[in-house]
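Asker: Chain by chain, the residues run as shown.
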Amino acid sequence: MNTEKEPVPLEVHDLTVAYQKKAVLWGIDLVVPKGKLIGIVGPNGAGKSTLIKTIMGIIPASSGWVKIFGEEKNLRRVGYVPQRESVDWDFPVSVMDVVLMGRYGKLGLFKRPGKADVDIARQCLDKVKMLPYANRQISNLSGGQQQRVFLARALAQESDLYFMDEPFSGVDASTEAAIITLLHDLKEKGKTLMVVHHDLPTARNYFDMLLLLNMRVVAFGPTDEVFNYELLQKTYGGRLTILAEVAEAVRQKS
Amino acid sequence: MSKRSYKFALSLLFLACMAQEPLFAARIGELTETDWKIQVIRFLSFRDPSVRYALAGSILLGISCGLLGSFIVVRKMALVGDALSHAVLPGVALGFLWNTTKDPVAIFIGATVAGLLGTTVVNLITQTTRLKEDTALGMVLAGFFSVGICLVTMIQHLPTGNKSGIDKFLFGQAAALGPNDIQLMGIVTLLAITVITLFYKEFLVSSFDSGFAHSIRIPVQLFHHLLMLLLAFAVVISLQAVGVVLVSAMLITPAAAAYLLTDRMHRMVFLASIFGLLSGVFGAFFSFLGPSLPTGPFMVLGASLVFTLCFFFAPKHGLVTRWWVKRSRSQQIQVENVLKAIYHVLEDRGFDGEGVSIRELADQRKQTLEESVRESKMLKRAEYATLLEEGNMIWLTPEGWQRAREMVRNHRLWELYLTSAAQYSADHVHDDAEKIEHILGDEVVRALEKRLDYATTDPHGKKIPSSESIQKDRMGRREKVPGYGQDI
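Chains as they are written, first to last, in the working numbering: chain A, 10 to 263; chain B, 818 to 1305.
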């Protein structure tokens, strides 16, 4: 293994994000090791989605830098599962069309997905047990099925670093179990996965590492070490209101 | 509603301003005959160059509007199209003023710049204030349009220059198109088709899921601006034939109609272009029939007609279609329930005897004789039964007998499944089975039979007809129908 030679999947240094001068993330520092399943937890408005979107450059950062496999603005090896609610499920596309979008990043300009891409997409759909639905229009799917389609699309990306935004929200128990199995399989293959998660009790069992986030990194480490009362209190407790007030005051002055 | 009424008011204002100059005076082609038959022949023979230009122009604008309109509709930007089309008017007027003549290139440039300026102002307002997009669009649309109206009115009163044609930009006149216009329209249509074809997958993914598109390194903003630019082009080339007031409908309506017909984007784009084309030709044709009829309203009328047809009769999403499916579904359920009742009557007497009387059916269904007569006629229409002349006896046909047994089988299988596998108690399962029996498919039935180990009696001790015996009867069935013969 030449893992020592390869740079870490993700390194974030002093990342700050502000919406209209209102800071939502302060000075985020992260060094994410390879082959881990990492949960990002924190209260509502802690900036969990914002963090992964900023890392991918969807939201511009105010300051700081992000290196993915040692390079800035390097999204080639990144896979993404956005929040299910972020798209219009009445959009005129089939399940297969959506999964094929996972191949677009590899195709480059002007090229259409070919037979090889369709084969890969079919395999990915099979892995999430959605192959029989390949030709369905996406509006006929249940919440759990929609989430499986998004996962299949991410699988089709064949990436090494994945960002997933609440893949467990609004899905049934069997889908949740299927997803977690899938995530563990990916991890076994040496992929790194960062998953935004809102349910604390399950977070403890699902993830190797946890990133406790509340506008800043409260703690980042192996689940056993960081999942304790003190740190969770720090993440979810009352003290964050002061930070929010400061942010508001800064916004008003500037 | 309010938007429409102010549009109407503005249009009236405009017409009032031009009252001293009759609308038809500036008509190109100067057709004095009004006999519609002659006009039809004239249109269809393509003798007249203005007819040829009008037709070519309408086809081109229909295609490009439908094509780009599809993306506008799925991106929920219909209002943006509307604002853009109104914002171009001052540009048209300024382009005209450039050398006080109808120079297509000057007008094209002026209109495009004005349109893009309008959308920029909208973006500026939404980004720097807390006003939302719909408010910004509404203001910009009306503001730019008023400037345009003032300028156009001013041009109308200019003492010098060739003013002919400027008035056509409000409601459109396809017959006013010249060879230069057609050339420009051809270029824009070709450009739109090329760009959309080349970047189809980029437009698709950034329209569906812009966050994801961003994460796979697609310059989402760039494609958005490219689409807006093409949209501005499409609006501008359509102005002369459709008019400022209605051009947004040519973007939206054909695409909306196509959306009702298909669930796939590429088909929607194709259908919308066809609908746009048809509406264009429709408008060009009907506006040609009378003197000084504007083209725009007729085109939009054509598009609305297509939409109305899709709204009512689209195979999957149509209103009438859905009603019809529901109605035939409920009729089918009723027929199946009657079949089941007949089966029960036959079963109660040990499948013995010559068919079922109307009275027996009425007793079984707990209804009046008239209702039973009506239902027996439904069976006859479905060829599930034959009736005696006087109408008081019913015999099932082999098809009816088979369907009846399938229903009973489904019902009893489901009851058994609920009691044995889902631990329902026997008196709770009937109502559920009443619904489920009509929708169980062959595959599910086979799975159920297997799961229940090919059980032969239901929770109430009644015999379950097996799929195997139903299947066997399908081969040499005639003699096995009760009333015709012996066994079940």
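Fair warning: there could be bad hints in the mix.
To be verified - Subject to a maximum C-alpha distance of 30 Å in a straight line, what follows is the list of computed DSSO-like cross-link-like pairs (lysine-lysine): (1) B:K1197 - A:K31; (2) A:K136 - B:K1279; (3) B:K1279 - A:K138; (4) A:K196 - A:K124; (5) A:K31 - A:K243; (6) A:K138 - B:K1133; (7) A:K243 - A:K198; (8) B:K1194 - A:K31; (9) A:K138 - B:K1267; (10) B:K893 - A:K120; (11) A:K243 - A:K115; (12) B:K1194 - B:K1252; (13) A:K31 - A:K198; (14) B:K1197 - B:K1183; (15) A:K115 - B:K949; (16) B:K1279 - B:K1194.
Quick caveat, the hints were computed from the structure, so don't treat them as lab data.
Asker: Hint by hint, note whether the structure agrees.
Answerer: Right, here's what the structure says about each hint:
For the proposed pair K1197 (chain B) and K31 (chain A), the alpha carbon gap of about 74 Å is over 30 Å, so the pair is violated. The straight-line distance between the Cα atoms of K136 (chain A) and K1279 (chain B) is roughly 44 Å, outside the 30 Å bound, and the hint therefore fails. Straight-line distance between C-alpha atoms of K1279 (chain B) and K138 (chain A) comes to about 39 Å, which puts the hinted pair past the 30 Å bound. The suggested pairing of K196 (chain A) with K124 (chain A) holds, with an alpha-carbon distance near 28 Å, which does not exceed 30 Å.
For the hint pairing K31 (chain A) with K243 (chain A), the CA-to-CA distance comes to about 22 Å; that is within 30 Å, so the pair holds. Under the criterion of a C-alpha separation no larger than 30 Å, the hint pairing K138 (chain A) with K1133 (chain B) is consistent with the structure, at around 27 Å. Straight-line distance between C-alpha atoms of K243 (chain A) and K198 (chain A) comes to about 34 Å, which puts the hinted pair past the 30 Å bound. Proximity of K1194 (chain B) to K31 (chain A) is assessed by CA-CA distance (about 74 Å); at most 30 Å being required, the pair is judged violated.
Straight-line distance between C-alpha atoms of K138 (chain A) and K1267 (chain B) comes to about 23 Å, which keeps the hinted pair within the 30 Å bound. Distance restraint check for K893 (chain B) and K120 (chain A): the Cα-Cα separation of roughly 27 Å lies within the 30 Å cut-off, and the hinted pair is therefore satisfied. For the given pair, K243 (chain A) sits about 42 Å from K115 (chain A) by alpha-carbon distance, which is inconsistent with the 30 Å threshold. Our distance criterion of 30 Å between C-alpha atoms is met by K1194 (chain B) and K1252 (chain B), whose separation comes to about 23 Å.
With a C-alpha separation of about 40 Å, the suggested pair K31 (chain A) and K198 (chain A) falls outside the 30 Å cut-off, and the hint is violated. A C-alpha spacing of about 20 Å is found between K1197 (chain B) and K1183 (chain B), which places the hinted pair at or below 30 Å, so the restraint holds. Simply put, K115 (chain A) and K949 (chain B) have alpha-carbon atoms about 37 Å apart, too far for the 30 Å limit, and the pair is violated. As the CA atoms of K1279 (chain B) and K1194 (chain B) are separated by approximately 29 Å, the hinted pair is consistent with the 30 Å bound.
Consistency note: the structure conflicts with the earlier hints numbered 1, 2, 3, 7, 8, 11, 13, 15.
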